[in-house]
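**Student:** Below are the chains, spelled out letter by letter.
Number of protein chains: 2
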Amino acid sequence: MAEYTLRPVGRVESALTDRAAAPRQPDEGAPDAWLVFDDRYAPALDGLVPGTDVLLFTWLDRADRETLAVRPRGDATRPVTGVFATRAPDRPNPIGLHTVHILAVAGARVHVRNLEALDGTPILDVKPILTPDR
Amino acid sequence: MAEYTLRPVGRVESALTDRAAAPRQPDEGAPDAWLVFDDRYAPALDGLVPGTDVLLFTWLDRADRETLAVRPRGDATRPVTGVFATRAPDRPNPIGLHTVHILAVAGARVHVRNLEALDGTPILDVKPILTPDR
Numbered sequence: 000m001a002e003y004t005l006r007p008v009g010r011v012e013s014a015l016t017d018r019a020a021a022p023r024q025p026d027e028g029a030p031d032a033w034l035v036f037d038d039r040y041a042p043a044l045d046g047l048v049p050g051t052d053v054l055l056f057t058w059l060d061r062a063d064r065e066t067l068a069v070r071p072r073g074d075a076t077r078p079v080t081g082v083f084a085t086r087a088p089d090r091p092n093p094i095g096l097h098t099v100h101i102l103a104v105a106g107a108r109v110h111v112r113n114l115e116a117l118d119g120t121p122i123l124d125v126k127p128i129l130t131p132d133r
Numbered sequence: 000m001a002e003y004t005l006r007p008v009g010r011v012e013s014a015l016t017d018r019a020a021a022p023r024q025p026d027e028g029a030p031d032a033w034l035v036f037d038d039r040y041a042p043a044l045d046g047l048v049p050g051t052d053v054l055l056f057t058w059l060d061r062a063d064r065e066t067l068a069v070r071p072r073g074d075a076t077r078p079v080t081g082v083f084a085t086r087a088p089d090r091p092n093p094i095g096l097h098t099v100h101i102l103a104v105a106g107a108r109v110h111v112r113n114l115e116a117l118d119g120t121p122i123l124d125v126k127p128i129l130t131p132d133r
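As you go down the protein sequences, you meet chains H and V in turn.
The opening residue of the first sequence carries number 0 in numbering that gives the first Met the number 0; numbering runs sequentially from there.
The opening residue of the second sequence carries number 0 in numbering that gives the first Met the number 0; numbering runs sequentially from there.
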C-alpha cells in the first residue's frame, strides 16, 4: 500500500518530559501546556475560541510501531488485547487523540488545560468537536 | 520540523466513490462499509466487539493539503474560517476521524454502519471510545 508523509504543524510545550512518569489520561494529573504552531499555520487557527473544547491530534514519536497487541495499561492481570481495541501509544500509526480545553490563543500559540502529551510531541491537526447543530 | 511516514493498515471498501456526492457526515446518508485490513494486522483487531462503537482514523488521500482556511461546508454565506476550527477534509494533515458502529468482525475484515469515507480510503488506526471505567 502507498505510504503518506505527515508534516507536523507545531509542537507541544509542556513540563512533561519523561514517558514513564507521564499520566496515561488527562484526568490523571496532566499539566496545562502550550500548543506552539509554526507561524505559517496561523491562518488555520482562525476561529479557535478560548473556553471551548477541541480535538488535538499528535504524533506519538516515541512509540513502538511494531507492537500489535498489549496488556492494557501495562497491567499483567489483564489479557493480551489487540492495540486497535486499546488506547496504548504503541501501535502501527501512533496518532494521539486528545480532547483539550482552550484557555487562551496568542498568535500561533494556544494554551490548553490538562494535556498528557510529552514536551516536544509533534502536532498534526486540530478539529472541532461536532455538536448537533454543527 | 521532522516528517513522519504513515503506513496504512487497510482500506475502506464502500459503495461511495464520488467525493462530490459523498455525505459530509455519517447521519447524512452514509452507507454501511467494510474495513479491510492487511492480514498482517489481524492480531491488532483482537478485542474489537460487534455491537460497540469505535473511533476510526483514515487518511483523506484526495484532500488538498495546502488549504488553511475555508467556508464551512462550502457555504458562501458563512465566514472564512481556519481549517483547525472546521471539519473540512482539506487541511495540512488530512486525517479523517469517524465514530463507527461495528456490525461484524470476520478475520481481518470489519463491517461498520454509516461510514462517510470514500471507497479505497486508507485506514490508519482504530481506537476504543473511552468510558469512565475504561
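Quick caveat, the hints were computed from the structure, so don't treat them as lab data.
Bear in mind that the values here come from a model prediction, so they are computed numbers and not experimental data.
Check each hint, because a few of them may be wrong.
To be verified - Pulled from the structure, derived: some chain V residues nowhere near chain H, Cβ distances all over 10 Å:
id, residue
1, Met-0
2, Ala-1
3, Glu-2
4, Pro-7
5, Ala-19
6, Ala-20
7, Pro-30
8, Gly-46
9, Gly-50
10, Asp-63
11, Ala-75
12, Val-82
13, Asn-113
14, Asp-124
Said to hold, decoys possible - What the simulated footprint calls covered on chain V by chain H, stretch by stretch (three residues with Cβ under 8 Å from a Cβ of chain H suffice, anywhere in the stretch; the number is not a length):
id, region
15, 31-44
16, 51-62
17, 83-89
From the three backbone atoms N, C-alpha and C, an ideal C-beta is built for every residue, glycine too.
**Student:** Compare the structure with each hint and give your call.
**Tutor:** Going down the list of hints, with the structure as the test:
1. Met-0: violated, 5 Å
2. Ala-1: Label violated. Min Cβ-Cβ 7 Å, cutoff 10 Å.
3. Glu-2: Its Cβ does come within 10 Å of chain H, the nearest being 5 Å, so this is violated.
4. Pro-7: The assertion about V/Pro-7 is violated, with a minimum of 5 Å to chain H.
5. Ala-19: holds, 20 Å
6. Ala-20: The assertion about V/Ala-20 holds, with a minimum of 20 Å to chain H.
7. Pro-30: Check passes; 20 Å lies beyond 10 Å.
8. Gly-46: violated, 3 Å
9. Gly-50: holds, 14 Å
10. Asp-63: Consistent with the label, V/Asp-63 stays out of reach of chain H, its closest Cβ about 13 Å off (over 10 Å).
11. Ala-75: Label holds. Min Cβ-Cβ 17 Å, cutoff 10 Å.
12. Val-82: violated, 5 Å
13. Asn-113: holds, 14 Å
14. Asp-124: violated, 5 Å
15. 31-44: With 5 residues close enough to chain H, the hint holds.
16. 51-62: holds (count 5)
17. 83-89: holds (count 4)
Checked against the numbered hints above, the structure violates hints 1, 2, 3, 4, 8, 12 and 14; every other hint is satisfied.
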